[in-house]
Each structure stands twice: as structure tokens, then as C-alpha cells.
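A.B. asks: Sequence:
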Amino acid sequence: MAVVTKSSQLRGHTFQPDIYDRILPLLPQDKESSVLDVGAGSGFFCAKMLESGYENLTACDLPDIDFQVEEVPFHGCNLNESLPYSDDSFDSVVSIEVVEHIEHQANYFSEIFRILKPGGRVIFSTPNIQGLASRMHFLLHGTTDGARRPFDPAKESGLQHVNCLGVQHFQYYIARNGGEIVSLGTNHYRFSSLVFAPLIPFLALVMWCRGLGRKARRQGGYYQEHCRLHLSSAALFGRIIFVVAEKKPL
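Be aware that the sequence shown starts at 0, since it is given in numbering that gives the first Met the number 0, and climbs by one per residue.
Since the hints were derived computationally from the structure, they do not count as laboratory data.
Incorrect hints may have been included.
[Unchecked claim] Derived DSS-like pairs (lysine-lysine); straight-line CA-CA distance at most 30 Å:
#1 Lys30 - Lys47
#2 Lys116 - Lys247
#3 Lys247 - Lys30
#4 Lys47 - Lys247
#5 Lys214 - Lys247
#6 Lys116 - Lys47
#7 Lys116 - Lys30
Please read all numbers here as calculations on a predicted model, not as lab measurements.
Work out the full structure, taking the sequences as your base and the hints as a guide.
C.D. replies: If you want it as C-alpha cells, here you go:
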């Protein structure tokens, strides 16, 4: 397929283009594998994938979105409801800066993993509310760094960060749907989080002490994985967090 639409040709706002450059290498190396972009917007990441040689692409988002990449099939749908695809349809799914806008997140994760093939990969990106700077923001203001202002009831929920997720939420929803987190990443580290790096030994001690409790011991490896994810550099210092997960083979 000849690449016609370039990412530089797209109209409209593009949120932090460095995110796309860092997510591209996380995709499977097989350029013929099927990839679904959920919440594709104008199609900036689809255009980036086309430029990188991926051809078997599909996109979906709200029906009134101005999707501009003609080479990629686009389906308008409500992301809070069932996605218009059969079970086990895609080798990979990407969801970039979308999940924090979703009202019905349990259904969203269920649908993502339903349409993902066994052994397939899903990549989420979202504002990192686990970062040390974000935790201090919550301490001082009572709101997460991903949703600093009060929600506007007159504005569509899909245009607001109504449900910012922490790492523990991703771990839970992914495990509930037969997947596992394989890595965390970020677009860049925040200096405002690095300032609080001296707190890390204290955080690690608190988590270790909690691990001695009966409930944590009962969770076993799940709690240990919880600690590993929470103390990762991406979770502690990242601005945007990338969660890479795979659906367990049958």
C-alpha cells in the first residue's frame, strides 16, 4: 500500500507528539500484523504507523471525530459500549490518551481484551497520577495531576479526564481480563518528580511493611508485582505512563 497521508498533513490539535514516537517501537516488529487504534482521533498515530510500514491498520473513535487518514478503515462507535469487532480480531491494540476519558472502564478493558488475539499486545498511555509530583499535588489540592480542575457537568465526559487510573487499576483490570503487564514506560521524566526522589526509600519501606500483613501475603506474587510496578522509574517520575500488556495464550 502506498503511503499517501503523512502525519504532518493532518489538521487539528495533536497531544504531545513525542508520545507517538516512543510508542511505535513498542509495537510488534511484524509490519503485516493487524493493529487497532482505539480512540484514534484525527488519525495522527495511524499516519505514523503507515509511515513506519504498518499496513493492516484499523481505527475507531466517536462517530463525529474528524478522522483524516483515508488509507485506514475507520469505525465510529461509543467507546463506553461494545466495540464493533469480533472476538480475537487483532494482533495489537493501542489506546493513546483515551482511558482517562472513559466512564465505563470495566467494560472498556473487557472489550479491549475480547477483540485482542491470545498472545496479542495492548498498549495504553495515560497521564501518570502515580508520579511523585502528582502525589504531592494531591496532598496539597485534593485532585490528581491528571484532573486539576473540577469537572464541568455541562461538558461531555469524553472531553474531560473523568477517570484517571493509577498503576494498580491497570494491574487489576488487565489481570481480570486474562492479561498481564509486561512493561511500563514513559514519554519523559518530570523534574518536579525527580525532586522528591529522596522519598523513595521511605515508600519502599512502607510497601515492604504492608507486605508483611496477612492480606498481602495471601496475594503472594500479585502483591510483589504491585510493588515492583509502583516503584518503577516510569511510575515514580514519568509524565505520561505507557502500560504494555499481553493477553495470555489459551
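A.B. asks: Look at each hint and say if it fits the structure.
C.D. replies: Do the hints match the structure? See the list:
For the hint linking Lys30 to Lys47, the alpha-carbon distance of about 13 Å falls within 30 Å, and the restraint holds. Under the criterion of a C-alpha separation no larger than 30 Å, the hint pairing Lys116 with Lys247 is consistent with the structure, at around 9 Å. For the suggested pair Lys247 and Lys30, the alpha carbons sit about 22 Å apart, so the restraint of at most 30 Å is met. For the proposed pair Lys47 and Lys247, the alpha carbon gap of about 28 Å is at most 30 Å, so the pair holds.
About 26 Å separates the Cα atoms of Lys214 and Lys247, which keeps this hinted pair within 30 Å; it holds. Only pairs whose Cα atoms come within 30 Å are accepted, and Lys116 paired with Lys47 is accepted, the gap being roughly 23 Å. For the suggested pair Lys116 and Lys30, the alpha carbons sit about 16 Å apart, so the restraint of at most 30 Å is met.
Against the hints set out earlier in the document, no violation occurs for any number.
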